[in-house]
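Undergrad: Chain order of the listed sequences is A and B.
Anchor point for the first sequence: position 6 equals 6 in the working numbering, and the numbering is continuous, going up by one each time.
Anchor point for the second sequence: position 9 equals 9 in the working numbering, and the numbering is continuous, going up by one each time.
Rather than coming from a laboratory, the hints here were simulated on the basis of the structure.
In this text, all values refer to a predicted model and were calculated from it rather than measured experimentally.
Possibly wrong hints are sitting among the right ones.
Identical copies carry no separate label here, and so any pair may be met within one copy or between two of them.
Calculated pairs, DSS-like style, for lysine-lysine (alpha carbon to alpha carbon, straight line, at most 30 Å) [unchecked claim]:
1) K26 to K49
2) K49 to K115
3) K91 to K124
2 protein chains.
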Amino acid sequence: MYRIAADALIIDNPDAPSQVVLITRKNPPYQGNFALPGGFLEPRETIEKCCIREAKEETSLDVEIVCIIGVYSDPDRDPRGRTVSATYLCKPVGGSVEGSDDAASARWVSLDEVKDLDLAFDHKQMFHDAGLI
Amino acid sequence: MYRIAADALIIDNPDAPSQVVLITRKNPPYQGNFALPGGFLEPRETIEKCCIREAKEETSLDVEIVCIIGVYSDPDRDPRGRTVSATYLCKPVGGSVEGSDDAASARWVSLDEVKDLDLAFDHKQMFHDAGLI
Numbered sequence: 001m002y003r004i005a006a007d008a009l010i011i012d013n014p015d016a017p018s019q020v021v022l023i024t025r026k027n028p029p030y031q032g033n034f035a036l037p038g039g040f041l042e043p044r045e046t047i048e049k050c051c052i053r054e055a056k057e058e059t060s061l062d063v064e065i066v067c068i069i070g071v072y073s074d075p076d077r078d079p080r081g082r083t084v085s086a087t088y089l090c091k092p093v094g095g096s097v098e099g100s101d102d103a104a105s106a107r108w109v110s111l112d113e114v115k116d117l118d119l120a121f122d123h124k125q126m127f128h129d130a131g132l133i
Numbered sequence: 001m002y003r004i005a006a007d008a009l010i011i012d013n014p015d016a017p018s019q020v021v022l023i024t025r026k027n028p029p030y031q032g033n034f035a036l037p038g039g040f041l042e043p044r045e046t047i048e049k050c051c052i053r054e055a056k057e058e059t060s061l062d063v064e065i066v067c068i069i070g071v072y073s074d075p076d077r078d079p080r081g082r083t084v085s086a087t088y089l090c091k092p093v094g095g096s097v098e099g100s101d102d103a104a105s106a107r108w109v110s111l112d113e114v115k116d117l118d119l120a121f122d123h124k125q126m127f128h129d130a131g132l133i
């Protein structure tokens, strides 16, 4: 039995991506670090609904899923215990970026800037797997 | 906390797919039904290793992952309890098809034939999502 999470890689324009929404984490682990918005699956929701809900809670954006990037399942990827993440490429369809819930803040960051940032967990790998950096 | 499984959609040729490996299920639920090979994630393996291991155990084929098809997480998709499946398109790289372990049998089936079959769980949806039927 495992925890399951969804993470949202929200890009400004799927056809010509230049910016992504990053949060700063309010709580441990990786408190204060940049990260993708995301969180744990609830008992009666699908993983896609979880992704859209967590994106909204943490960034105030309404998003749609564009496609799946991958499933991240290294046994040691989360210091809280075994957590498998499904990560989706998303695009905004409403709202404007404001951090809330588990996000101390949220903002658009250029993909050029992401290359030089340390991100929480294995979130930087997700950018590589999506072909964005 | 959830169970996590990997399922393998093994096609003969990723560039021109015409056949897929189906098993018949040895055990409930869906005992005797056609299904994709697959099974539950073990504590210290990644989901990709799980997919490759289960494909080998149930079909005797060595496979490589081509790409992810999707994550299947409807809360009622498995009568045994909440189970989230990551499903991968795979290609054979060694061995020949022979059912074993949880598979009563395994064989190559044409994609034309799959259209008319009842498959266990939501496995038919995976063919649609992969653009194969």
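Undergrad: State for each hint whether it applies.
TA: Hint check:
Taking identical chains as interchangeable, the C-alpha atoms of K26 and K49 lie at most 30 Å apart only when both belong to the same chain, with a minimum of 23 Å there against 33 Å between chains. For the identical chains of this complex, K49 and K115 are neighbours both inside a copy (29 Å) and across copies (29 Å), given an alpha-carbon limit of 30 Å. Taking identical chains as interchangeable, the C-alpha atoms of K91 and K124 lie at most 30 Å apart whether they share a chain (18 Å) or sit on different chains (28 Å).
The structure shown violates none of the earlier numbered hints.
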